[in-house]
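Each chain, written out:
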Amino acid sequence: MADILSLHDAVARYVDNGATVAMEGFTHLIPFAAGHEIIRQGKRDLTLIRMTPDLIYDQLIGAGCAKKLIFSWGGNPGVGSLHRLRDAVEKGYPHKLEILEHSHATMACAYEAGAAGLPLAVLRGYVGSDLPKVNDQIKFIECPFTGERLAAVPSIRPDVGVIHAQRADRQGNVLVEGIIGVQKEAVLAAKSSIVTVEEIVDDLGATPNACVIPGWAISAIAVAEKGAYPSYAYGYYPRDNRFYKEWDAIARDRDAFQAWLEENVLQAGGEV
Amino acid sequence: MADILSLHDAVARYVDNGATVAMEGFTHLIPFAAGHEIIRQGKRDLTLIRMTPDLIYDQLIGAGCAKKLIFSWGGNPGVGSLHRLRDAVEKGYPHKLEILEHSHATMACAYEAGAAGLPLAVLRGYVGSDLPKVNDQIKFIECPFTGERLAAVPSIRPDVGVIHAQRADRQGNVLVEGIIGVQKEAVLAAKSSIVTVEEIVDDLGATPNACVIPGWAISAIAVAEKGAYPSYAYGYYPRDNRFYKEWDAIARDRDAFQAWLEENVLQAGGEV
Amino acid sequence: MSSHYTSSEMMTVTAARALENGMTCFVGIGLPSEAANLARLTHAPDVVLIYESGTLQTKPDVLPLSIGDGELCETALTTVSVPEMFRYWLQGGKVDVGFLGTAQIDRYCNLNTTLIGDYTAPKVRLPGGGGAPEIATNAGEVFITLKHSKRTFVRDVDFVTTLGFGRDGKGRDGVPNIGKGPTRVITDLCVMKPDPETRELVVVSLHPGVSHADVIEATGWEIRFAEAIEATPEPSANELQVLRELKARTDRHHAGE
Amino acid sequence: MSSHYTSSEMMTVTAARALENGMTCFVGIGLPSEAANLARLTHAPDVVLIYESGTLQTKPDVLPLSIGDGELCETALTTVSVPEMFRYWLQGGKVDVGFLGTAQIDRYCNLNTTLIGDYTAPKVRLPGGGGAPEIATNAGEVFITLKHSKRTFVRDVDFVTTLGFGRDGKGRDGVPNIGKGPTRVITDLCVMKPDPETRELVVVSLHPGVSHADVIEATGWEIRFAEAIEATPEPSANELQVLRELKARTDRHHAGE
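Residue numbers (the numbering used here), protein chains in the order written: chain A, 1 to 272; chain B, 1001 to 1272; chain C, 2001 to 2257; chain D, 3001 to 3257.
Derived by calculation from the structure, the hints in this document are not laboratory data. Don't take each hint at face value.
A few chain B residues facing chain C, derived, Cβ under 8 Å [stated by the list, open to error]:
| no. | residue |
| --- | --- |
| 1 | E1090 |
| 2 | Y1111 |
| 3 | L1131 |
Don't be surprised by glycine CBs; every beta carbon is placed ideally from N, CA and C.
With these hints in hand, go ahead and build the complete structure from the sequences.
What follows is the structure in structure tokens.
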């Protein structure tokens, strides 16, 4: 059964230095508040997993939390590069960042396989791509029925899965609505999980087949109002596309980034 | 784009003698009206696929439509045996029925793999079971990452998938609600598909993550009011548990079955 | 045997008591479902019941006749697809206990729900495996409940539909990523547990009024008894009342009233 | 070049016209998204647009900045999980055409969105593959649209993120269960198609006011021209109006107005 904790306590309890952490939310419901709390607590040597690193991992990488990144598309959507990510990959700043690179289809299947308790995912993937040459986790197997050659990758089973959702009820059951991405999979595949929510309510108001994650499948719930900002929460607030554009200039410059981080994360008591 | 047809025309167009047909609906939304239409049209030599044959396949088998059955649990839920199925397996009446037997987990994964366009499904299944000794489609593969031995089966890719759903809109988009079983998978995995619905409406009234199958992924839609009876349609009518109990006596006796079939299917103009 | 409850009620109450509050339980239809819901309505209000129809954390007011009755969906926290149920929830390791019935069981807890006789020429064709083969291996542990008779308790099952501990008791040894298998079998006569070494079933508790001879008579092999055999506690008045009300509600409901 | 439309508008309108009404199109963000929505708002009202965020049959009123803008979900028929999107809808063979952009393309239509330079010491690190590697192989066919320049049109890409026809044009030969690959490339200068034999890109249509020399100058290899080269039809007044209104709405929206 999920414990309802403060965000500080949830991160302190479940995110250890050196942990493998998947913070998901496909453009929508990105758990920024949780990311900022990880930065504030000075976590180090994390292996960060995320299909689209987005600003949240640009910030964690720039703040020096990450040792390794597993991802499939590392840009600022519709804007351009993630400059902190590029600075780490191209220049080793603030330190060297190991990367392991997949396609979206593969990561989605690897999360699915992780949630399904399997050691591997199988898909029709990477046909003719050079990615298998630079990612030694990609293997190929032969279908025992048809002989077809299919890609196989290890499933994703992080130490901690972190997502943001619209709301939880008082028993810790969580409703995720709208673009649900791989959020359920990130929670179910992980050994521990933290779900931040906009609010805790008496009744989720969910329809029969809504995306609801039961409280007993979650480690900790923390209220984080506007916890997905500057991404968005369907039914609560829109994406701040302007901030995504402004991020380009902030992240392009090491000092500008550090000043932004100081003011908006390190010196901020809680969520921005 | 789905054609909106009469049930007669949909079955006539898509269900050929000798076809492999998956009629799904996990206890809920079983497409009885479509099954009766297949019987009325005298289809023969069908390979019938269904996790739980239930009364619908007991009727199709008793009526002589089936050559082979692929299934994972062949009882009358909460009541006992499917006597027409047993008569075919044990006594070869009305003729010999070949069976291929799986577990639920395997069939669910094989439908999933079929919908996913894969030739095989992989699962942690059949550990210590005798089923692989009597089903030569079950093989075992070794995970290339962990060495774990996992079960593999061919995906299910029927010629025709048939399901019943609550409603369609005028563009042929379909809402399935409640116990959704493997219905979406049965449609997506099949080469052609027929969806019967209680009604056609202007607006499905679906929430963002409801189980909606787009019209362009369906071959034909047919209105069949009470088309899942004696199973049920969430939001429309309940399961007729009394009929399920009465079926035991009807199906136990060859003549009683034939009389029931004559009166309720063959001489009936449309859906019972 | 005391006259104020039946041996069936004794079985159901004892099976119910095996479930602890807060457990997640993947429930088979029939006797397991009756026991699991009795547990939920008595000592284990927060037991999480999962049915293979995709209904998660369901709280039916009447017992379902089928594994997919509308009642299960209407009272569930949420309902997922059947592939998701078997992949994410069962195989994904979210189930503490699988609660199963069976047609035949042997001394190593192997279950047969496939057939009596030979596969290609069955004497009696049974429904088949359903969810059981993977429930038994992917749940953390397994409880089994069924009526005791020589027909159901056989030395070796005709067909291993679902693994207990294999033909020799070693069927789970060295197999990675599976649960510990059956930990108790509850009948209308007694409670049995597998011997920690050999995995052969041993009677650990006799229900009130049941003798060693009664169990021996109803078992198809030379059943062993624990050295310090216990007396199964009787049903409480409350358990009996809740169970009888549940069954009465259920009968009225399924008769279409 | 005619002065009443820009070369970018010419590219978008030409790309839009490639989509036929009723096609299901898996849409990449940026130029493909602009073209696909223009098609939907003009000649192809029933084109089905699918974005990798799980949004099926979406009809955004403004162009999304990201692949997962709220607008895409709010105007979709339904929204599925990302694993389902890639497994059931893309790999399951429900997509007629994948519409992609790219950072680099070579003469065999291979796409590079990974990096410039060497993988272990990149000169420029690009975002990576995203959905493209499997869109390009699991969709029935692929349309590609990007601006024409020597920087983007190179003889051999630095890295094959996404298969066109491989380093030798034979990369799809004999591979079962994949689509036919790129069938046209639309730029601000021309339309190209792969040669049916060699798979090397051939210019089949020049936009109004564009010369052979313009294309040669902007291409990083000795580009071939079809024998009977066509003139790309100009945008219609309606197409231009719809496109400009769409872009104006989009700009206002993303500026937070």
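To see whether the hints hold, each was checked on the structure:
Here the hint on E1090(B) is kept, as its CB sits about 6 Å from the closest CB of chain C, short of 8 Å. With its C-beta approaching chain C no nearer than about 6 Å, Y1111(B) sits inside the 8 Å limit, and its interface hint holds. Using the Cβ-Cβ criterion of 8 Å, the hint placing L1131(B) at the interface with chain C is satisfied: the shortest such distance is roughly 6 Å.
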